[in-house]
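Colleague: Quick note, the sequences are listed as chains A and B, same order.
The first sequence begins at 388 in the numbering used here and counts up one residue at a time.
The second sequence begins at 11 in the numbering used here and counts up one residue at a time.
Okay, derived cross-link-like pairs now, BS3-like style, lysine-lysine, Cα gap no bigger than 30 Å in a straight line: (1) B:Lys428 with A:Lys423; (2) B:Lys250 with A:Lys466; (3) A:Lys446 with B:Lys397; (4) A:Lys397 with B:Lys367; (5) A:Lys423 with B:Lys317; (6) B:Lys279 with A:Lys423; (7) B:Lys250 with A:Lys446.
Quick list of simulated restraints, FRET-style, between CB atoms: (8) B:Ala288 with A:Glu430: 25 to 31 Å; (9) A:Glu426 with B:Arg282: 21 to 27 Å; (10) A:Met445 with B:Asp296: 36 to 42 Å; (11) A:Lys392 with B:Asp310: 45 to 51 Å; (12) A:Met445 with B:Asp284: 35 to 41 Å; (13) A:Arg450 with B:Thr111: 18 to 24 Å.
To give an idea of the interface, some chain A residues facing chain B are shown, with a C-beta separation under 8 Å as derived from the structure: (14) Val390; (15) Val398; (16) Ala405; (17) Trp424; (18) Ile425; (19) Leu428; (20) Pro438; (21) Thr459; (22) Ala471; (23) Pro472; (24) Phe479.
Calculated from the structure, these hints are not laboratory results.
Nothing here was measured: the structure is a model prediction, and the numbers come from that model.
Glycine residues also receive a C-beta, built at the ideal position from the N, C-alpha and C atoms.
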Amino acid sequence: MSVDKETVRKVAKLARLAVPEDRLEPMTNELNGILKWIEQLNEVDVDGVDPMTSTVDMKLPMREDVVQSGPTGGGQPDKVVANAPRTEDSFFVVPKVVE
Amino acid sequence: MTDITDLTLAELRDALKAKKVSSLEATDAYLANIEKATDLNAFVTVTADKAREMAKASDAKLQKGDGGAIEGVPLGIKDLFCTEGVQTTAGSHILEGFVPTYESTVSANLWRDGAVMLGKLNMDEFAMGSSNETSYFGPVINPWRVKGGNAKLTPGGSSGGSSASVAAHLCAAATATDTGGSIRQPASLTATVGVKPTYGRCSRWGIVAFASSLDQAGPIARDVRDSAIMLRSMAGHDPKDSTSVDRPTPDYEAALGQSVKGLRIGVPKEYRLDGMPAEIEKLWADGIKWMKDAGCEIVDISLPLTKYALPVYYIVAPAEASSNLARYDGVRYGHRAKEFTDVQSMYANSRAEGFGKEVQRRIMIGTYVLSAGYYDAYYLRAQKVRKRIFDEFSDAFGKCDLILTPSAPSAAFALGEKSNDPVQMYLNDVFTVTANLAGLPGASVPAGLDAKGLPLGLQLIAKPFDEETMFKGMFALEQAANFKARPENWWA
Numbered sequence: 388m389s390v391d392k393e394t395v396r397k398v399a400k401l402a403r404l405a406v407p408e409d410r411l412e413p414m415t416n417e418l419n420g421i422l423k424w425i426e427q428l429n430e431v432d433v434d435g436v437d438p439m440t441s442t443v444d445m446k447l448p449m450r451e452d453v454v455q456s457g458p459t460g461g462g463q464p465d466k467v468v469a470n471a472p473r474t475e476d477s478f479f480v481v482p483k484v485v486e
Numbered sequence: 011m012t013d014i015t016d017l018t019l020a021e022l023r024d025a026l027k028a029k030k031v032s033s034l035e036a037t038d039a040y041l042a043n044i045e046k047a048t049d050l051n052a053f054v055t056v057t058a059d060k061a062r063e064m065a066k067a068s069d070a071k072l073q074k075g076d077g078g079a080i081e082g083v084p085l086g087i088k089d090l091f092c093t094e095g096v097q098t099t100a101g102s103h104i105l106e107g108f109v110p111t112y113e114s115t116v117s118a119n120l121w122r123d124g125a126v127m128l129g130k131l132n133m134d135e136f137a138m139g140s141s142n143e144t145s146y147f148g149p150v151i152n153p154w155r156v157k158g159g160n161a162k163l164t165p166g167g168s169s170g171g172s173s174a175s176v177a178a179h180l181c182a183a184a185t186a187t188d189t190g191g192s193i194r195q196p197a198s199l200t201a202t203v204g205v206k207p208t209y210g211r212c213s214r215w216g217i218v219a220f221a222s223s224l225d226q227a228g229p230i231a232r233d234v235r236d237s238a239i240m241l242r243s244m245a246g247h248d249p250k251d252s253t254s255v256d257r258p259t260p261d262y263e264a265a266l267g268q269s270v271k272g273l274r275i276g277v278p279k280e281y282r283l284d285g286m287p288a289e290i291e292k293l294w295a296d297g298i299k300w301m302k303d304a305g306c307e308i309v310d311i312s313l314p315l316t317k318y319a320l321p322v323y324y325i326v327a328p329a330e331a332s333s334n335l336a337r338y339d340g341v342r343y344g345h346r347a348k349e350f351t352d353v354q355s356m357y358a359n360s361r362a363e364g365f366g367k368e369v370q371r372r373i374m375i376g377t378y379v380l381s382a383g384y385y386d387a388y389y390l391r392a393q394k395v396r397k398r399i400f401d402e403f404s405d406a407f408g409k410c411d412l413i414l415t416p417s418a419p420s421a422a423f424a425l426g427e428k429s430n431d432p433v434q435m436y437l438n439d440v441f442t443v444t445a446n447l448a449g450l451p452g453a454s455v456p457a458g459l460d461a462k463g464l465p466l467g468l469q470l471i472a473k474p475f476d477e478e479t480m481f482k483g484m485f486a487l488e489q490a491a492n493f494k495a496r497p498e499n500w501w502a
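Using the sequences and the hints given, assemble the complete structure.
Modeller: See the structure below:
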């Protein structure tokens with residue numbers, strides 16, 4: 388399988404990456420180079436094989452459903468927004484999304 | 011007394027406990043080395059004031075005979091570990107200026123044990139690279155050069171700042187991370203020791219995520235003992251990482267020097283690549299002989315799916331990266347584009363400006379292989395082949411206790427040599443990536459020099475959570491290799 392320029396444009400949109408028009412063609416070639424190399428996986432017989440989900444045989448640990456203390460806990464809006472490019476009263480500010 | 015920075019971590023630890031040197035003296039000596047080594051570009055951020063503050067606090071404890079396992083030892087931290095109040099960039103423009111409000115578990119464990127932070131180490135952007143050339147802050151330069159030459163060589167990647175700074179004695183040891191070989195390949199290229207523990211041994215909490223099912227933290231250090239001391243402090247169960255495994259952390263240092271007599275060393279024939287330099291083949295044969303002379307039994311094993319490991323990796327890792335890196339949207343942290351027309355173009359422009367070329371390439375691959383219609387053909391198939399690779403290792407470990415291979419397919423190469431061909435660059439991880447796919451511990455130990463005077467490493471892979479046997483084997487290799495070479499200091 389290989390990708391064409393239009394597919395690359397679509398994937399870039401899905402990935403939220405602005406790809407300039409003149410980069411689409413070279414990017415298509417780069418991706419096809421990698422995809423062609425990856426395609427050798429079709430030689431491997433995977434009939435009846437379960438896909439890998441975890442390398443370690445363990446159950447997902449459960450904890451009590453309560454607000455944690457420390458850095459993963461609540462009540463620290465200032466820290467949560469400390470690195471945001473734009474904030475107002477501990478809210479993230481984005482361009483208008485509803486007309 | 012000799013230069014403090016020439017002491018190994020273990021020697022410095024003992025000298026500090028015996029009050030023969032102070033942490034402040036050691037810290038100042040390292041900071042002086044760092045200042046003189048700007049040509050190596052190993053650090054993104056040097057935290058001199060913080061380092062001296064931490065050193066003074068350690069000295070106060072050491073004076074009273076208190077202190078943790080590595081009290082007062084100055085370390086470098088890969089810039090992928092979040093450090094509270096200190097910029098953490100992951101080598102990316104998109105995180106430039108990001109100052110975490112929390113500390114990663116691994117670095118917090120090191121501070122708990124008394125370590126001092128010298129600064130944050132340069133790396134490939136989001137750990138995606140094998141030569142450090144994808145860093146937004148410029149490539150790190152390998153302290154090693156070809157005998158008689160002055161071409162700039164790569165220190166490997168992605169943990170190139172870690173490997174170069176340890177090799178150049180800019181820190182006593184460093185933290186690093188390994189998703190496909192990012193600890194072991196740089197260690198091999200700089201004559202340092204690099205250890206990637208079993209998946210789940212070190213907490214991933216607070217480490218900027220690349221590919222969550224593959225990422226593991228580990229140390230790069232000057233020798234096997236130092237790496238054992240580092241790993242013991244870094245490892246441990248953490249409820250904040252659901253993949254962190256709840257089992258006690260052994261005293262790895264205690265395993266060093268234990269007899270390797272009777273250990274079965276597996277040698278996989280599939281790791282003999284076409285076009286592999288004869289010197290690497292020879293070094294591998296030397297390694298086999300050393301282990302045999304130490305009383306090990308050499309077992310021929312077969313891992314027929316080895317050649318498929320990298321293609322599997324280049325589906326699984328970009329897929330996970332594309333979802334992990336979705337969080338960089340210019341809203342909550344990181345770079346936001348100045349020009350946009352609506353929220354969608356704000357996302358797309360911020361990400362296009364903030365991510366480098368290789369990161370964008372991998373996000374594209376990952377998005378494509380996960381997209382509707384292609385998921386089964388690429389991602390699901392890759393996870394099935396990965397399961398078969400995992401099973402192949404499980405079978406092999408029925409016949410052997412450790413697997414011995416070269417660490418990397420070549421010695422350090424020149425900057426720019428492979429950066430135009432992604433697949434050529436990806437092949438650097440051909441010997442290391444299998445351990446990530448199967449979650450196994452692996453380590454690189456310096457074993458010799460090639461004809462050009464560049465270091466080469468050998469890799470040991472062990473059973474899950476059997477790092478102790480790996481350390482035993484590493485120590486035996488180190489003893490037999492008796493590697494003493496140092497790079498000539500051209501940078502200071």
